[in-house]
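Enquirer: Okay, here's what each chain looks like letter by letter:
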Amino acid sequence: MKKTLVTFVAAMLVMFNVALADGDKVVKIKTTAVCEMCKARIERTLGLSKGIKESNLDLKDKVVTVKYNPNKTSPEAIRETIINTGYDADGQLANMKAHDKLPSCCKKTVAPH
Amino acid sequence: MIRFFSGAFFLLLSFSISAQRITGSVNEQDATSKTLKPITGANVYWAGSTHATSTDTAGRFNIPRVSQTNLLVISFVGFTNDTVKIGQESELEVVLRSDQTLQEVVVRGNANAIDRLSPHQTEIITTRALAKAACCNLSESFETNASVSVSYSDAVTGSKQIQMLGLSGNYIQTNVENIPGLRGLASTFGLNFIPGTWIQSIDIGKGAGSVVNGYESMTGQINVELQKPDSQEKLYLNTYVNSFGRGELNLNLAHQINEKWSTGLLTHASTLQNRIDNNKDGFLDLPLYTQFNGVNRWKYQSTKMMAQFGVKALYEDRLGGQKDFQRDMKGTTEAYGFGAKVGRYEFFSKIAKLFPDKPYKGLGLIVNASLYDSKSYFGLNKYNGRQETLYGNLIYQSIIGSTNHSYKTGVSYLYDNYNEQYVNLPILRKESVPGAFFEYTFNHLDKFVAVAGGRVDFHNLYGTQWTPRVHLKYNLTDQTTLRASAGKGFRASNPLAENYGNLVSSRAVVFRESIRPEVSWNYGASLTHEFKLGEMAGSFITDFYRTDFENQLVADLEDPRYMYFYNLKGRAFANSFQAEINLVPVKRFDLKLAYRLFDVKQTLDGLEDQSTLQPKMMVSRDRVLFNAGYALPYDKWKFDATLQWNGKKRIPYMGDMTDHSEHGMVTERLSTMAPSFFNLNAQITRTFVKWDLYVGGENLANFTQKDPIMGASHPFHQGFDGGMAWGPVTGRMIYAGMRYKIVR
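Heads up: the sequence lines are chains A and B, in that order. Just so we're aligned: 118 in the numbering used here is position 104 of the first sequence, and the numbers increase by one with no gaps anywhere. Just so we're aligned: 1778 in the numbering used here is position 653 of the second sequence, and the numbers increase by one with no gaps anywhere.
Simulated from the structure, these hints should not be mistaken for laboratory data. Remember, predicted model here, so these are calculated numbers, not experimental data. Just to be clear, a hint being listed does not mean it is correct.
Simulated crosslink set (DSS-like; lysine-lysine; CA at most 27 Å straight-line) [claimed, not checked]:
1) A:39 x B:1761
2) B:1353 x A:121
3) B:1815 x A:122
4) A:122 x A:81
5) A:76 x A:115
6) B:1815 x B:1353
7) A:42 x B:1712
8) A:81 x B:1761
9) A:76 x B:1712
10) B:1359 x A:111
11) A:115 x B:1353
12) B:1866 x A:64
13) B:1773 x B:1741
14) A:121 x B:1385
15) A:111 x B:1761
16) B:1712 x A:64
17) B:1359 x A:122
18) B:1761 x A:86
19) A:122 x B:1866
20) A:86 x B:1815
21) A:44 x A:115
22) B:1500 x B:1448
23) A:64 x B:1815
24) A:121 x B:1866
25) A:111 x B:1866
26) A:122 x A:86
27) A:121 x A:81
28) A:111 x B:1815
29) B:1761 x A:42
30) A:81 x A:42
31) B:1210 x A:74
32) B:1210 x A:121
33) B:1533 x B:1483
34) A:64 x B:1359
35) A:122 x A:111
36) B:1761 x A:115
37) B:1555 x B:1466
38) A:81 x B:1712
Isolated chain B, as found in the complex:
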């Protein structure tokens, strides 16, 4: 109800004679009494022009008509902008919809969208777009997105890696509802820990992020919004089964207890117990696994306060390796096995004090505690990791004088206790980081927005860290937006968790020195242009980003016998260029074509001081994505297909290492290039009043990497490496499923 009414605005049209000037009032609706209250100081301006005014203390405005446009924009901080098409009428009554981000009221219709107001280059993947990739978790959610690409990190463990701006997902800050989520040791399997049906929407921010959420974002930030306890759907059941034998069950419940309290339960269970070895290399193509995952949370909402708290729990058990490997052969050389048992437990809470008569003001507190515990083995090698995290962030936002000048400020605290053990090597690290931040936003009629932020963090191990970041947005015209950003990022790396897939090998892990934290600078700019070709609507987006590392963790795989970890000596950078065109030729028919170019290089430090700047391994220089979707009204039938082309990438040399090659004849150690390949996914959905049926396929082109595991026949000998997967390990996969919904 509220969603529909406050989501729209009311226009009481008075059809009098056409006047020279437009007068009217701008109001907000009081949540309890439903009466209208005037907004003072709201911006009223003609789209794409300099003619602007603002409302007086009675909420009234008066603006002359202009010849260039009939679109009048009304905006005010804390409220969603409205654009009103002016015809004959000269008196308007506008009701703005509150947009308190702390309330998390999100209504999204289109499948993919670029957030037009945000000064950050932000792409939004909505529930609609998420339904395009029916399966299964966060890692698949980026399938129709050109900015983020996903690949298996190796051919054995089933863990996945995302990539953005040419760099691994470790450099993206991944938050779940603005709480840092998939970080530290959880980054290995983290993407598999957020089931797709839990996700309401995903925001992908490219380039430097806001300082409010911490210092760790280097190439971008991803924020995942989960299904809300007060959502419209009180029951959502999803079942899924695929041709590999994977089965999945998701049940989401939402219950409004009374006007103020609501509670939600999100659950997930999935399993694969089918031993598949289609490429006949003696190894399972996919690990057997079972996952149980759940979230229970409570929400309190009144006009003055919003509070949320809840618990998350996850258990996952994986078993992979050679086809005949059984659990009791662990620690023997009978068969090579991989196993991982992961438990993750989290408590989270968010409390926000709202100021109903001052919507630009807010005070929020986030407190979060989590425990991640994993026990893995790779053949004879054991790896255990445990991470305890405590996180608190207090944010205050307000304005200076008028809403043209707003700011966010606050303090944060992060505690991480890492306890890892690989074979006989213990790795312990305790981080305790109090910090403070301030972010100022200048807004000129939403036409020009500048955000300057800085934070200072007092790291117990690495000293005081200063993180500045700047964002600019300028609307060249009403259809064209320019954005630019620059900022610093800082993070402590976790070499083993971040290179987990490479542990499935006969490589000896060598830490050449103690690893310092990674520091990078990211600069970028983007251009978004919306256009009309006759009746056809479209948009064009292009961006360029560069990430420069002051220090980076180097995982050197050039020598097939070792995985060396050391600090960067010299240069490392990643350039990323992307161009994307979206077209809507006819109603409900969407086309997307995107091209992306990466230039990623890293200085590798040979043992005899021959540093060379090398293209980073496992990164395709080129990638093309084409997506087409067509839907009948109300999505009665929905068709969707995505075709991707991944260019060549450099893979490490895996040949023999003769003795003399170590003495200066490094040139013989030629790395090779993996070929380019296509990937085609498609899906059909049929919607009924209460439920949907879907059927689809992944990797329909049936391309697989021929020998994803090097030396698969001798897993306990030199030259064995499961971390060399550059393409799909499994072939064509067909899936089918059902969604059932009861709407409140």
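Bound-form chain A, shown alone:
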């Protein structure tokens, strides 16, 4: 049982180190997010994608700052993820099907609020 606990703690430390690994790159991508809900959706979807460490969207300029591992993903793949979530990425148009599924408050046509 002690062993199980040690293994568990070790596993946690390993994960922790991975999270802090060096060599990460940062990319800034302009999106069409309008509200807090968009922010939460984009940050979560990116955050759960492969190779992404951190994502932070600033609603003022709609730019999402993504920290990623270049060995596992690329800026193109990250933009692709944003597009498939229903938002434009650096001028590339959003996937229309995904965009239509967004709640009305999150659509591009909505007035800023």
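With the hints as your guide, set chain B onto chain A.
Expert: Chain B in isolation, oriented as in the chain A frame:
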């Protein structure tokens, strides 16, 4: 949308020169027009200081800056408090978020939390913490909570008992969305009747509860909030399977029909059909069972009214006992069998009239009707129980002059019709209890809160009952809160349903006298302190509670041949002390260490008038809990482990009863102590955008009680007892499952 916007507050910062005074306005957002309306009389004060003011009729305030703090607190009854960090700005526009409890808008982020505002010592288990215990129902939900402990009540039926403040779960009032839920006969298996995936959050209140919900709470109250019809998740599917062969399927649906109407469906099906006897005692370690369970409810929400109604239905079939027992051997001595068929049906409704321009005002009506029907057998003994319940509670809340003085008042009615039959003994009881209550709350800037409540109930069998309760909360500093409570509790016990596990035995059930209702007084105090050790955030909580019984149902098991029921003659009390420390060493890494001490004693009445004050059976004096959890951002990976240590407990004497021991030589009947043991649970979750995968283990230390069933080889003879389980009956268990969610 609304959740995010109204959940936050807007600060329109005007970066002018730093002024000596802070001015600003406090507003609420009108739900329909989205325009801002000023709030009159809102409290504005500097955290931890005596500098305070309130807003005028235009919602404006003006307060001098203070040197001690830069945290400005804005509060108003009916709204969630906001704390604003003041920098250079001198003009603020604050929008408070409505907090109408009748609307049940709950947004919770952290895993475990202590409700800081409530005058009651309340711990909140959130959806996040519930996910730590992947399986399966309410009884497992307390796994990472130090205040409530859960154990099997016996080694055969699979029913579970919770314990708080050293006393059984029967003394806790368990509500489902503020409707008394698991009470009466349903307390036997009730915890297994609320699937974990249905639960949104659980509030655990320690000590005397509010008088609004009735007189039955003695050691505390647990309120379970279920997933709402207007929740963000329109579909939630959970599957689960474990190494014992248990399979489980949960499907929750939520649908917003239009702006005002929404409907939700919660369903559950689970089964275990694998005969397991790992300890080779000839008895199934877990009963075979199948459960179907569902809730359908409808919700109407407008600015002026909120209404909810729905139905619940449950069917469960259990089969346990000796390994080779088959259903058709029932009533014979071929093999010892246990069976239980339970049906439970309920209709519930809640209607609330809201006053949009007076958020402190509200009128609510709860109406609830339920039927519980169970048919069980233990070897040759049959036990049937049926309970019909009707419950109504009308609550009005408002203020006296200002929101510093608020009150809740109302009337209630409870009807219970119990119809039980054990072997040849019928037990009938009809309770009809109209009652009225009044609860006054004094609030001084949220720094000092005093709640005094009383209720009077006219019980048709036990006469007029008067139930007073008091709660105090005082914020010593902004980080330190003191609470104290005292109050009376009253309940009619159901001896057989509450000692169901002990019916799996050769003990003869003897009612020595007619059982009177239980009456207790509970006193307690707690201290909550939040601190920072460098960058490390932490909290320290300690509390002490004492429950004193005026009358208690005594289930006397000292003589292995009998289970005697009688009224308390002498003293019975339970002291409980708990200290808990929570640390967050680095972001997303939580540690919890808790120690709990119980001192529970009860006067047992020997047949020849030798009353002795004895430590209560099956209660560990000491318990230690350690929980560690770590999560990556967005919970991409989540790790969690809980280690518990349960101290020794007293278990009844199960040796021979020679004739002379009945004549004065009681000292020979020595009760024994069950050893202490460890229990380790751990879980790993991986989250994807739409679904989660989880795998975990329970009782990883693989500790089991060696002979959980006394006299297992001769179940139809003297000395057989399945109710003596003090530790885990089953060994290590591994489980895996999946959650799939479609968010609106």
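Enquirer: Given the proposed pairing of residue 76 of chain A with residue 1712 of chain B, does the C-alpha separation stay at or below 27 Å?
Expert: Holds. Residue 76 of chain A to residue 1712 of chain B sits at ~26 Å (cutoff 27 Å).
Enquirer: Within a Cα-Cα threshold of 27 Å, do residue 122 of chain A and residue 1866 of chain B meet the stated pairing?
Expert: 25 Å, holds
Enquirer: Are the Cα atoms of residue 111 of chain A and residue 1761 of chain B separated by 27 Å or less?
Expert: 26 Å, holds
Enquirer: Would you mind confirming whether the straight-line C-alpha gap from residue 111 of chain A to residue 1815 of chain B stays at or under 27 Å?
Expert: 17 Å, holds
Enquirer: Run the distance test for residue 1773 of chain B versus residue 1741 of chain B: straight-line Cα separation, threshold 27 Å.
Expert: 12 Å, holds
Enquirer: Please verify whether residue 81 of chain A and residue 1761 of chain B have alpha carbons no more than 27 Å apart.
Expert: 15 Å, holds
Enquirer: Need the status of pair residue 1353 of chain B, residue 121 of chain A: alpha-carbon distance at most 27 Å?
Expert: Within the cut-off at roughly 25 Å; holds.
Enquirer: Quickly compare the C-alpha distance for residue 1761 of chain B and residue 42 of chain A to 27 Å and report which way the hint goes.
Expert: Since the Cα atoms of residue 1761 of chain B and residue 42 of chain A sit roughly 22 Å apart, the hinted pair holds (cutoff 27 Å).
Enquirer: Assess, step by step, whether the Cα of residue 1761 of chain B is no farther than 27 Å from the Cα of residue 86 of chain A, and give holds or violated.
Expert: 16 Å, holds
Enquirer: Is the Cα-Cα distance between residue 1359 of chain B and residue 122 of chain A 27 Å or less?
Expert: Between residue 1359 of chain B and residue 122 of chain A the Cα gap is close to 23 Å, so the pair holds against 27 Å.
Enquirer: Taken at face value, is the distance from the CA of residue 81 of chain A to the CA of residue 122 of chain A at most 27 Å?
Expert: Given that 27 Å is the threshold and the Cα spacing comes to 26 Å, the pair holds.
Enquirer: Does the alpha-carbon distance linking residue 81 of chain A and residue 42 of chain A stay inside the 27 Å limit?
Expert: 9 Å, holds
Checked against the numbered hints above, the structure violates hints 26 and 32; every other hint is satisfied.
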